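Following the hints, position chain E against chain V.
First to last, the sequence lines map onto chains V and E.
Numbering follows numbering that gives the first Met the number 0, in which position 108 of the first sequence is assigned residue number 107; successive positions increment by one, without gaps.
Numbering follows numbering that gives the first Met the number 0, in which position 241 of the second sequence is assigned residue number 240; successive positions increment by one, without gaps.
Everything labelled a hint here was simulated from the structure, so no lab data went into it.
As the structure is a computational prediction, the values presented were derived from the model and not from experiment.
Just so you know, even glycine gets a beta-carbon here, dropped at the ideal spot from N, CA and C.
One should not assume that every hint holds.
Dumping the calculated DMTMM-like pairs for lysine to aspartate or glutamate here, alpha-carbon to alpha-carbon at most 20 Å [claimed, not checked]:
| id | chain 1 | residue 1 | chain 2 | residue 2 |
| --- | --- | --- | --- | --- |
| 1 | V | K97 | E | E22 |
| 2 | E | K97 | V | E22 |
| 3 | E | K97 | V | D24 |
| 4 | V | K97 | E | E250 |
| 5 | E | K97 | V | E327 |
| 6 | V | K97 | E | D24 |
| 7 | V | K97 | E | E49 |
| 8 | E | K97 | V | D230 |
Which bits of chain E does chain V cover? Going by a derived footprint, with three or more residues having C-beta under 8 Å, they are [stated by the list, open to error]:
| id | segment |
| --- | --- |
| 9 | 51-61 |
| 10 | 92-102 |
| 11 | 312-321 |
Listing some non-contacts, in silico: residues in chain E with all C-beta distances to chain V over 10 Å [what the hints assert, rightly or not]:
| id | residue |
| --- | --- |
| 12 | G30 |
| 13 | G34 |
| 14 | A43 |
| 15 | V67 |
| 16 | S139 |
| 17 | N146 |
| 18 | E168 |
| 19 | N207 |
| 20 | S227 |
| 21 | T231 |
| 22 | S248 |
| 23 | T260 |
| 24 | T274 |
| 25 | L295 |
| 26 | R296 |
| 27 | L330 |
Number of protein chains: 2
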Amino acid sequence: MSDEKFEVLGLGNAIVDVIARTEEDFLLHHGLNKGAMMLVDESASARLYEAMGAATIISGGSAANTIVGLSSFGIRSAFIGKVKNDDAGHSFAHDIRKSGVHFDTSFAADGPSTARCLVLVTPDGERTMNTFLGACQNLSLDDVDENLVRASSILYLEGYLWDPPAAKEAFVKAAEIAHAVGNRVALTLSDSFCVDRYRDEFLELMRNKTVDIVFANQHELKSLYQTSDFDTALAAFRDENVLGAVTRSEEGCLIVTRGETLAVPASPIERLVDTTGAGDLFAAGFLAGLVRGCDLRDAGRLGGLAAAEVIQHYGARPTVSLCDLATENGLALPI
Amino acid sequence: MSDEKFEVLGLGNAIVDVIARTEEDFLLHHGLNKGAMMLVDESASARLYEAMGAATIISGGSAANTIVGLSSFGIRSAFIGKVKNDDAGHSFAHDIRKSGVHFDTSFAADGPSTARCLVLVTPDGERTMNTFLGACQNLSLDDVDENLVRASSILYLEGYLWDPPAAKEAFVKAAEIAHAVGNRVALTLSDSFCVDRYRDEFLELMRNKTVDIVFANQHELKSLYQTSDFDTALAAFRDENVLGAVTRSEEGCLIVTRGETLAVPASPIERLVDTTGAGDLFAAGFLAGLVRGCDLRDAGRLGGLAAAEVIQHYGARPTVSLCDLATENGLALPI
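If we strip away everything but chain V, and leave its shape as in the complex, we get (with noise of 0.2 Å):
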């Protein structure tokens, strides 16, 4: 670590995506839970992948797609993450690092090979995850660079951190040095299946302080407070006293505080291609506004302007400048 500065640091899963096309029957023959991410072993996802068709390969992770879409708006950007010393991995750093985010987790000499996703995209665009976590089980302690978290303004998390073992002892050493210099910590929660396996941690991340910006969509804040009811779960977000976002795909995005809840419309698409970095192409936007002092409304359009972009193609990382995008769109972002 130079003495560079950044604007965000993620620190996630580092995976890589094997995208096919499929059609639902595929998914119902082989048991899988339409939109959700599911954990597999080694043997099951090379099973799933025997089964499925022929596949394109692209980085991806929820967390470090939202930090290569934070670099593609111009924002100074970091990530940590762990893959291990195989090709994989390999095109993990290189994609990454291509992408202008610093990145220098060491890769796993051993142990299980570089995590990837079985991403199956359905004709109406939505995509079901099986995830072999692989390399990424073996973040730990050790990978947090103090200096980095230090000199990163926004340290971004995800909540499938909470699926390696060790990573989120890795997630709260973070969030400490964080707070300690007083810079800011967001989290996403991720996908409603993670929320009911970590609900009272993330509810206690919240109410202790440990982050202080939620991402959610509506499916992940209902499974938050357990009710069927959008309003209900909404009214009990705002009493955390975070800075929520609150994403609901073609309806837009609410921004919530103590004080208000405000709704921002999503941005317009041709043609829906495949929902992977959806949310994390939000994400990327809001915190792109956040960082550079937009007000909550801007931040939201910068959140819906990336997501718009990254479902009508393939893949979960921009093909596009998102920083001209942003300024074609009327939404340049400050220097």
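Relative to the frame of chain V, chain E by itself:
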């Protein structure tokens, strides 16, 4: 090999494509010849990969793309090509099999890794390719399954096979076996620089009747006859007494027989994204028409349709059913 019959068998280099968007400057800076395919060794490939941007990985290989296109048209197809027993080799095998293609060439247990082609796509949609042939260099006579060649109505060969030392023997042997049982043999000239390397051999293949059907684009044809005048090249080609298909990008194609030259217009497109695979998929459509007994004009139209599909997205393999696409365009293939 069972007693299964195939309509088209492809023999070619088995390659995984690593695709990145790039600017014109990058090509200049790295001394790359825009639009061409250049052979590079493993270390040059690694250096270029290090320099290029975030990439998407999709199975490729010229003849392999054609065969996958044929399968997408519903044509019973098979492929022979050499990969290593590594991650990329397994991806290649998975993808081509899952595309409905019969593929059982043995994996190389040692030697160089599976071939990869670094594909740089400029904003105008043109692609510039840098290929490390790797395991393709181990394709040999032993890989040509004689029963498979006999069982396939058309044998499709790529000019690029002249690059790996042992592959041309496999090429010639396969053609002899095919002709011995009355099957047809097709050749694509692959690339104008490839023609430059093997001009005399390619002319000889036509003149000694090793090949019956020849695919070329206008650049390759001019290179073949060492002329800058397309009409001169075309006249010379007409005298070769082969069935020729000459592609001319947005001007469509010319189908050349001894008796006549037939012009078929290109299929309209909405947006040019990546020209990778245009020629490969034209060959797929044309051969699909030919093997199913369509007239030459319809075969040319089918070629244009498949080429138009593949240039509107990244990667050289179709992303929709070409069989359905043909039907929707009034070109349903006879059973």
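ask   = Quick one, are K97/E and E22/V close enough, alpha carbons at most 20 Å?
value = 14 Å, holds
Given hint D24/V paired with K97/E - CA-CA distance at most 20 Å = Given that 20 Å is the threshold and the Cα spacing comes to 16 Å, the pair holds.
key: Nearest-CB test (10 Å) between chain V and S227/E   = 37 Å, holds
key: 20 Å limit on alpha-carbon distance, applied to hinted pair K97/V and E49/E   = Answer holds: K97/V to E49/E is near 9 Å, not above 20 Å.
request  = Test coverage of the segment 51-61 of chain E by chain V using CB-CB distances below 8 Å; three residues minimum.
outcome  = holds (count 8)
query = Can we trust that T231/E is non-interface, i.e. its beta-carbon lies farther than 10 Å from all of chain V?
reply = 42 Å, holds
key: Non-interface claim for E168/E, where every Cβ of chain V lies beyond 10 Å   = 30 Å, holds
message = Verify this for me: three or more residues of the segment 92-102 of chain E with a beta carbon less than 8 Å from a beta carbon of chain V.
response = Since three or more residues must qualify, the claim that chain V covers the segment 92-102 of chain E holds, with 5 doing so at under 8 Å.
Given hint D24/E paired with K97/V - CA-CA distance at most 20 Å = It holds: about 16 Å lies between the C-alpha atoms, which stays within 20 Å.
S248/E remote from chain V - nearest C-beta pair above 10 Å = 24 Å, holds
query = In terms of Cβ atoms, is chain V entirely out of 10 Å range of A43/E?
reply = 16 Å, holds
Status of the stated non-contact between N146/E and chain V (beta carbon gap over 10 Å) = 26 Å, holds
Going down the numbered hints, you'll see the structure goes against 4, 5, 8, 15, while the others check out.
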